[in-house]
Every structure is written in structure tokens, then in C-alpha cells.
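Here are the chains, one letter per residue:
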Amino acid sequence: MAGELLLEVENLAVSFRSRGAVADAVSDVSFRLHQGETLAMVGESGSGKSVTSLALMRLLPDAPQCQVRGSVKLRDKTGSGMLDVLALPEPQMQAVRGNNIAMVFQEPMTSLNPVKTIGAQITETIRLHRPMLARAAEDEAVRLLDLVGIPAPRQRLTAYPHQLSGGMRQRAMIAMALSCEPSVLIADEPTTALDVTIQAQILDLLKRLQEQTGMAVIFITHNLGVVAEIADRVMVMYSGRVVEQADVVPLFQQPLMPYTRGLLRSVPRLDLAGRRAGALYAIPGNVPDPRRPPPGCAFHPRCDSFADGRCNVEAPRLDSTADGRQVRCLRWPEFVA
Amino acid sequence: MSSSIFDSSPGDSNPGGDFAAREAAIALPPRNTALRRFCRHRLAMAGAIIIAILVLGSYLGPYLIPYDDTFIDIMQRFAPPFSGAHILGTDELGRDMLARLMMGGRISLAVGFTAMVISMGIGILVGAIAGYYGGIVGAALMRFVDAVLCFPSIFLLLALAALIEPGVASITLLIAATAWMDVARIVEGQIRGLRERDFAVAAEALGASDLRIVFRELVPNAVAPIVVAATLNVAKAILLESYVSYLGYGIQPPTPSWGNMLNNAQIYLTSAPWLAILPGLFITLAVTSFNFLGDGLRDALDPRMENH
Amino acid sequence: MTALVEIDSLQKHFPVGGGLFGRGKKQVRALDGVSLSIEKGEILSVVGESGSGKTTLGRTVLRLTDPTAGAIRFEGQDITSLSRRALRPFRQRMQLVFQDPFASLNPRQTVEQIVATPLAIHAGGSSATEKRERVADMLRLVGLQPHHADRYPHELSGGQRQRVGIARALILNPSFLVADEPVSALDVSIQAQVVNLLLELKEKLGLTILFIAHDLAVVGHISDRIAVMYLGRVVEVAETGTLFRSPRHPYTEALFSAAPIPDPTVRRSRVLLQGDIPSPIDPPSGCAFRTRCRHALPECATVVPPLRQVGPGHLSACIRDDIALQASIA
Numbered sequence: 001m002a003g004e005l006l007l008e009v010e011n012l013a014v015s016f017r018s019r020g021a022v023a024d025a026v027s028d029v030s031f032r033l034h035q036g037e038t039l040a041m042v043g044e045s046g047s048g049k050s051v052t053s054l055a056l057m058r059l060l061p062d063a064p065q066c067q068v069r070g071s072v073k074l075r076d077k078t079g080s081g082m083l084d085v086l087a088l089p090e091p092q093m094q095a096v097r098g099n100n101i102a103m104v105f106q107e108p109m110t111s112l113n114p115v116k117t118i119g120a121q122i123t124e125t126i127r128l129h130r131p132m133l134a135r136a137a138e139d140e141a142v143r144l145l146d147l148v149g150i151p152a153p154r155q156r157l158t159a160y161p162h163q164l165s166g167g168m169r170q171r172a173m174i175a176m177a178l179s180c181e182p183s184v185l186i187a188d189e190p191t192t193a194l195d196v197t198i199q200a201q202i203l204d205l206l207k208r209l210q211e212q213t214g215m216a217v218i219f220i221t222h223n224l225g226v227v228a229e230i231a232d233r234v235m236v237m238y239s240g241r242v243v244e245q246a247d248v249v250p251l252f253q254q255p256l257m258p259y260t261r262g263l264l265r266s267v268p269r270l271d272l273a274g275r276r277a278g279a280l281y282a283i284p285g286n287v288p289d290p291r292r293p294p295p296g297c298a299f300h301p302r303c304d305s306f307a308d309g310r311c312n313v314e315a316p317r318l319d320s321t322a323d324g325r326q327v328r329c330l331r332w333p334e335f336v337a
Numbered sequence: 338m339s340s341s342i343f344d345s346s347p348g349d350s351n352p353g354g355d356f357a358a359r360e361a362a363i364a365l366p367p368r369n370t371a372l373r374r375f376c377r378h379r380l381a382m383a384g385a386i387i388i389a390i391l392v393l394g395s396y397l398g399p400y401l402i403p404y405d406d407t408f409i410d411i412m413q414r415f416a417p418p419f420s421g422a423h424i425l426g427t428d429e430l431g432r433d434m435l436a437r438l439m440m441g442g443r444i445s446l447a448v449g450f451t452a453m454v455i456s457m458g459i460g461i462l463v464g465a466i467a468g469y470y471g472g473i474v475g476a477a478l479m480r481f482v483d484a485v486l487c488f489p490s491i492f493l494l495l496a497l498a499a500l501i502e503p504g505v506a507s508i509t510l511l512i513a514a515t516a517w518m519d520v521a522r523i524v525e526g527q528i529r530g531l532r533e534r535d536f537a538v539a540a541e542a543l544g545a546s547d548l549r550i551v552f553r554e555l556v557p558n559a560v561a562p563i564v565v566a567a568t569l570n571v572a573k574a575i576l577l578e579s580y581v582s583y584l585g586y587g588i589q590p591p592t593p594s595w596g597n598m599l600n601n602a603q604i605y606l607t608s609a610p611w612l613a614i615l616p617g618l619f620i621t622l623a624v625t626s627f628n629f630l631g632d633g634l635r636d637a638l639d640p641r642m643e644n645h
Numbered sequence: 646m647t648a649l650v651e652i653d654s655l656q657k658h659f660p661v662g663g664g665l666f667g668r669g670k671k672q673v674r675a676l677d678g679v680s681l682s683i684e685k686g687e688i689l690s691v692v693g694e695s696g697s698g699k700t701t702l703g704r705t706v707l708r709l710t711d712p713t714a715g716a717i718r719f720e721g722q723d724i725t726s727l728s729r730r731a732l733r734p735f736r737q738r739m740q741l742v743f744q745d746p747f748a749s750l751n752p753r754q755t756v757e758q759i760v761a762t763p764l765a766i767h768a769g770g771s772s773a774t775e776k777r778e779r780v781a782d783m784l785r786l787v788g789l790q791p792h793h794a795d796r797y798p799h800e801l802s803g804g805q806r807q808r809v810g811i812a813r814a815l816i817l818n819p820s821f822l823v824a825d826e827p828v829s830a831l832d833v834s835i836q837a838q839v840v841n842l843l844l845e846l847k848e849k850l851g852l853t854i855l856f857i858a859h860d861l862a863v864v865g866h867i868s869d870r871i872a873v874m875y876l877g878r879v880v881e882v883a884e885t886g887t888l889f890r891s892p893r894h895p896y897t898e899a900l901f902s903a904a905p906i907p908d909p910t911v912r913r914s915r916v917l918l919q920g921d922i923p924s925p926i927d928p929p930s931g932c933a934f935r936t937r938c939r940h941a942l943p944e945c946a947t948v949v950p951p952l953r954q955v956g957p958g959h960l961s962a963c964i965r966d967d968i969a970l971q972a973s974i975a
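Chains as they are written, first to last, in the working numbering: chain A, 1 to 337; chain B, 338 to 645; chain C, 646 to 975.
To be clear, the hints were calculated from the coordinates, so they are not data collected in a lab. Just so you know, nobody snuck in bad clues.
Calculated cross-link-like contacts (lysine to any residue; reagent style SDA-like; alpha-carbon spacing at most 25 Å):
id: 1; chain 1: C; residue 1: K671; chain 2: A; residue 2: Y160
id: 2; chain 1: A; residue 1: K116; chain 2: A; residue 2: A134
id: 3; chain 1: A; residue 1: K116; chain 2: C; residue 2: S924
id: 4; chain 1: C; residue 1: K776; chain 2: B; residue 2: F552
id: 5; chain 1: A; residue 1: K73; chain 2: A; residue 2: V96
id: 6; chain 1: A; residue 1: K207; chain 2: C; residue 2: G920
id: 7; chain 1: A; residue 1: K77; chain 2: A; residue 2: R130
id: 8; chain 1: C; residue 1: K847; chain 2: B; residue 2: G544
id: 9; chain 1: C; residue 1: K671; chain 2: A; residue 2: G166
id: 10; chain 1: A; residue 1: K207; chain 2: C; residue 2: Q971
id: 11; chain 1: C; residue 1: K685; chain 2: A; residue 2: G274
id: 12; chain 1: C; residue 1: K847; chain 2: C; residue 2: R777
id: 13; chain 1: A; residue 1: K207; chain 2: A; residue 2: V9
id: 14; chain 1: C; residue 1: K671; chain 2: B; residue 2: A476
id: 15; chain 1: C; residue 1: K685; chain 2: A; residue 2: G278
id: 16; chain 1: A; residue 1: K207; chain 2: C; residue 2: L917
id: 17; chain 1: A; residue 1: K207; chain 2: A; residue 2: C180
id: 18; chain 1: A; residue 1: K77; chain 2: A; residue 2: E181
id: 19; chain 1: C; residue 1: K776; chain 2: B; residue 2: G544
id: 20; chain 1: C; residue 1: K685; chain 2: C; residue 2: T700
id: 21; chain 1: C; residue 1: K849; chain 2: A; residue 2: G274
id: 22; chain 1: A; residue 1: K207; chain 2: A; residue 2: R32
id: 23; chain 1: C; residue 1: K847; chain 2: C; residue 2: R779
id: 24; chain 1: C; residue 1: K847; chain 2: A; residue 2: G278
id: 25; chain 1: A; residue 1: K73; chain 2: A; residue 2: H129
id: 26; chain 1: A; residue 1: K207; chain 2: C; residue 2: R937
id: 27; chain 1: C; residue 1: K847; chain 2: A; residue 2: N286
id: 28; chain 1: C; residue 1: K847; chain 2: A; residue 2: G274
id: 29; chain 1: C; residue 1: K847; chain 2: C; residue 2: P734
id: 30; chain 1: C; residue 1: K847; chain 2: B; residue 2: D535
id: 31; chain 1: A; residue 1: K73; chain 2: A; residue 2: G3
id: 32; chain 1: A; residue 1: K207; chain 2: C; residue 2: V911
id: 33; chain 1: A; residue 1: K207; chain 2: C; residue 2: R912
The shape of chain A in the complex, shown without the other chains:
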């Protein structure tokens, strides 16, 4: 990676406690993110991808309800050092949020305040982090709305969220997230609720903004087509753990973890459209309940490379391969050969 290291996550683990029972939502997550890079976090419901992103933002409930362990280091935009995100006092964390690291959510309608105009919400965010006059903040808001491709931005300042379409709301959310030029943007399924045509526009927009600002993007999604389109690197999560991490092309060409392989195989191929080439490959079974993960490898009940006596007994570690990939599977060396 060419750019400067912006974010370094090591052994991040999140567990929730309720009525005495402790459930591990996420464990043993480590990754690094460099300037200008897009990391796609892929996973299904309960895989822990959203919890991970909330932990990076320190937006999870406080202890003792929720325990966050490990380390999250974020480059300080103003200074030169790394900030220890998990140890920062809350007031300082508030300054970091939005300023250094910002987030865009799946459903813009619920993350925007319905009774405030778009303009008011954006100018508030701007003035929270950058002291400037109301007038100047408004001009800045117009510039941002224009940047994210909202037509007639000055008129849109007075619009309420419900007056915008889904795609426009998502653009407004992105504008708000970008208002303080964060170095890291977390986009949590930002296109899942949108039509494909609008999804294409938003992906295009994110790519363009990234080129302009050099920010790093963590893109959370379950759509492998979107991953192929925008990611530099991919992190696949299953049942609260990273199961595979690699650059996008090698991952798609030779997935090492059977779950990744199954996911890629189960997507219908567009180039065979209309030929009805038999049944699709389907991973059997169901996504495990994160509160009751299977013993051993969490994927073993559904795995087509299951080895009895090993996979259901021994929990695999995240191994690093020679070419810098990471994989969590007891049998991966057999798949390379």
C-alpha cells in the first residue's frame, strides 16, 4: 500500500453482557487501513461487521453492558501521532468522530433528523468541528452538496429529509460525513436500500470523492458485485471473526476459506443469463446464531470441506500466508496445493 497508515486495529473484541450471560459479538479482528484505500468488510447478518464499525467509532454502549478489548489506533489529522481510540476520554472522542473518522449508514431516512432541514443539519455538523460563521458554514454546505452531486444545492438547504428521494438522502448523508474531511469514512451498507441505478451513482460518487480527498473507506456490504467494483482489499467475516483477508483480485480468483469460496460460487453468473445452467451452488444450512456459535470452526456445520474430528473440535487461528493473505481454516494449505 502506497499511502500512509491511517488506522490500525489489533485483536479487537466486543462482547455484550445481559443478565449474567456474556456473548462475544466480535473477536480477534485485526487489520490496517492506508490512505486512499478501500477495505470491503463482507459478512451476513450476525457476522459482526456492523458491531466492528461501531466499535471503531466508539458508538457502542458503555461497560459493563458492552466490553471492548484490543487496540484501535487512528492517525491524528492535526498532529503526527496515532490516537488510541479506545482509551480517549469521551469529550476528545467527540472531536475525533466526524473530524477524523465519519460514518454513513444504510438507511439515510432514520439517520437524518426528520424535523430539521438538510441545510441546518449539515451546517451544524460543520460548525461543531470547525468554528465559522453561520453564513460561511452555509456556503460550505452548498459546496458539499454540490460535491456529492445534488442538483440546485442552495435550494436543497431548506428541504426536509422526507422531501428528498432515497438516493438524494444518501448523498446528503455523505455530504454531512465529509463535512470535516475525515481521513477514514465507514460506509455501512450505504447502497443496500437503493436501486441498482442509484447504487451505481453512489459507488461512482464514492470513488470520485476518494480520488479527490485521499480518504480511506471501510465499505461494509454483503453484495459481492459491489465488492468487486470498489474494493482494494476484502475482509470476510463469519460469526464475529475475520475468516479471510486478501486483495480483491486474488480473493475472487482463489478464495482459500470454504465460506468465501461458497459465497462466490453461489452468486449467479450474469454471463450465463438465460441458459439456466442447472442449480446454483448453495451453501447449506443457516447463518449461526451469534449467541450460540458452533464449537470448533463456526462454519463447520455448513462446510463442504469438513473434516470430522478436526473442524468441529479445534478452533482455527487466523493464519498468514506467504503472499500476505490471511485465512482462518485448518485445511487451507490443502486448498493452495
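Once you have looked at the hints, place chains B and C on chain A.
The following block gives chains B and C in isolation, referenced to the frame of chain A:
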């Protein structure tokens, strides 16, 4: 449908090995029954136990004590509680307080319970029709409900009670007539929201009748607020009966009810305070218990309430 | 091939806002003259953006909403204005699978009760044991275990819930199924299971399916033919391969090129559509797509282009024959 198509179990066309066995090896979560959830709610359990004691005491108690509620022991007038043969003392005519409280409880609880059943019936019917059909029918029904609701129920009750001959049955009906509107509003709101849900559309797509959709699909989903409203309605009905009887328009002496015992007691408030305190205590106990029971049932009846 | 369902100039307008007595009310033109015929034994997919009217089409064909104008014929019989009572025998033969497998199952009923509901409505005569057996058979057919019968929907995973929804829809052995986005709410690893199940059941039971979806990869895999909808109208209909390889309507071109391809080595040129789908309350005159079309001519604003034959079994509603459109696959 020929039976041959059932021979295989499809859906997983790819070799997953014996994945089903592997998956089955993972234990299913324990069933979390309504009863178990209810039992965890301590106040509701306490409420349920107190109600059970009050009901059993009222109906069986009179057979277990040596005094009749109408027996006048003129030598023992105003006996304070715990002082002699009459455990809870006697009233101004020397009647046994415990016996009277038990008989009064029968009346008060019966009035409360019956009034609840009647008001729930009317309320559910009106609310379900208004919520399901909506439009002009719904609007007309709900405006009528609002109109009745505007009238303070205690005055409505007193006005009506002044016109008819007071008795247990008529008082029960009157209380029911002033208590169904809240239920109608709750049910209407619930049904209106539920009828748009996909499972209601699914039932319609199957050709289910309106009656079936409303009472098999929709109302069971509103059972939690309905049951809560029901328990609160019992509490309210007991209170209303007490008000009206206290004001002299309700259950007429010598038939005792907690309300008219209270009425009777007010002139002796300083000389024999237990005459007022005891029925007051029972009213409070019954009403609070029903309220706690309602809280507990609301949580227990939702199968989606998680096990934590 | 014979048509199982024929849809003729179907319109559905919903009133919005307006005064107390309905004067000056605006109309949402959810369906604005849709004609389609669904052949026996085929899977016809309907694709389009949200607001294109595809869900309304499914519901209107099943007479779950009443059409404003037009006609629906099922097995040759006009069902457009049948009363609810007269529709009941048809309800057994046409069924619906929903998008949201949670909302479409009554949370208060067990799986067995849910799947037995159609029997309770239509098969009054059969005994309780007979019904139980049919439910058990049906659950096995959709790949569920017998012990799922007394579970509640919230105790099942999304994929299992969708199987329950399919079991309920198929227990009366219908000939026609409307599947409204049946996989889009499911986890990726579960989608393929449900797609396979639908295809398998279609073969075994001889179903005809109207498949409403927005995931073009799934649509390309599952359908025999595809109809593309835009603002309440069908703009193009063709066999699946034809539509992917030689689209004739600029909207189809744009929609299909927007679908992301799960291969990071493929970089294709994309026809990016500008802006959003216009409001169906006040659709553009003439061709509704002209406001976002890169091939639009002044004439496009004047006439509503009719669906016309452009190839064998290929209909398109565009007046321009002179443009070369980009295929989404080679």
C-alpha cells in the same frame, strides 16, 4: 398431488455432506414460554397471588367463619379488630367485618370482572370493525367513541344510575357502558396497523373471510394490549363500583360491597376508623394487584420477548 | 404455449391527498396500461426500479388490489371484476410469496398453524390427521424438518421462514405463483438455496411463476422471459438471453449495465443514469423515460411509444430503431 414428489428432500441441491446432522448437533435454544416469562415478573406474580387469595377468600371464606354477614350482634357493636371473637371487629350494628368484607368482595370482584368482560366484548367488536374496514364506517364509529369518551365517566354513571333502579346487574352494565371506549380505541389502532402487514395480505390471498382475518390473524396479535386493557378495566370497574356505591347510587345496603361499606363508614371515621380503613385497604389491594398483573401479562404474552 | 394469465391494458391509480370529497385529487399512476401474457410453465420476471409499479402489478394480478381499468384473465376466465366470493375458487390456484419472510408470517401462530391455514379455508372436509400429514409433507417438500412444525416464526432463521412462506403458498397446489422479491431480504448464502428451491418446485409441481425482483443476477438465472417496467409501463419484454445480449430499449441498457459484476478483473463501461425515477404522480409526457435517456429526441415528448415487435418474442417501447445499445453480457 402425487406422493412421489415428496420422496426427496430438496432445497439443498449441492453436496454438503451430512451437513444436516452436523447442524442438528447444535442445540436449539430453550423454549421460552409465556408462563416462564410471567413467573420472572415478581410484582405480577405477587399481584396474581393476591388476586387468587382475594377471590378464594371471598367465595370460600364465608363458609369457614362462624358469622354471617347479616347477623347482628348488638352486644358487640364497634368492636375493634383483633380484640375479641370478631377478628376484624364489627360495625355499628355489630355485624362481623370479616364476613362483610368477604361478601362485599364477592360483589365488588364479580361486578369488576363481569363489567370487564362486557366492556371488552363491546370494545373489541367496535374497535375491530372500525380498524379493519376503516373509511367512513371506521371514522363514524371512532367519532362516536370519542363523543362518549368526552363525557366524564363518573358523571355519566351517576346520571344513568339516577334514572334506573340500582342493583348488581344494572350497575355492572352501567360500568361496562362507560369502560368499553378505551378498549375500542386500543383495538382500533392495533387492527388498523396490523391489517396492512403482509401476513394479513397473505390470508386475504388465500381467500380467507373478513371474520377469519380479523379474529384468527389480527386480534391474536393485539392480545397483549387487549389483556393489559382487560386487567386495567377490572381495576377501573372495581374503583367505579366503589365510587358509585360510596355516593349511594350503587349497590344498596344491606347487600355489602367494598364501596358502600366505605360510604357507611364515613360518619364513624374518628370513632371507628377500621370501618373505613379495611374496605379501603381491600380496594387498593385489588386494584394494585390487577395493575401489576396487567404489566406482567403484557411482557409474558409477547412470544418475541427475548430470554434476557 | 398457451397463456395462463393474460393482462390487458391494466391500470391502477391510487388517489393521493386531495379534498374531503375527492375533488382535485391527484393520482399516482402505479400501473399505466400494462399488457403481458404469462405462458403456462414459464417464469416471467418483472424488473424495474422502486416506483416502477412491479409490486403493484403482482398484487393487482392476484386481485389483492382492484384495478382501475383493464382486464385480467386467468386460464381464459375474466377475473377482473369478480366479487370476493366468486374469487375464492381462484385463490387456491394463484398464490403469493412475499419479500419479507418475517412480516408475512403471523408471529402468533406456529409453523404448522401457518401452513395449515389454506387447508382450513379451502379443504374443510378433510380430517385433522389428514391435514397434519399434508402439512408435514409440504414442510418436507420445502426442505424443513418435522420438528419445525411447532416452532414460532421468530425462532426460525430468515431462510427457514421463507421456506414456510413458500410451503403456505403451495399447499393447495396452485398453478400460478407470484413471488415478490422472495430472496432480496435473505442473507447471501441463503439466497441460492431459495432460488434453487423455487426452480425445483416449479419443475416438480408444474408452476407458472411471476417473479418480481431487482437483483439482475438472480433474474438472469431464474427466468425464461423478462419484462422491464418503468413508471407503471412495460418498456421491454424478451427472452432472458435476448434481453441480456441485445436490449432494444435504452432503459434496459442502463438498468442492466448498472448491475455490479462480481468479478474485479472486469471493468465495463457503464451507462450511468442521471437523477432519480420521476414521480408517478406527474410522469413526463410521451415516453416517461425520456428525461433520463441519452438517446431522447424531441418527438419522444409527444407520443407514448407503444410496445411493438422488434424481434421474435421481443417487444420494445422505443421509437428509435437507429441506435446501437450496449449489451450487458457478450
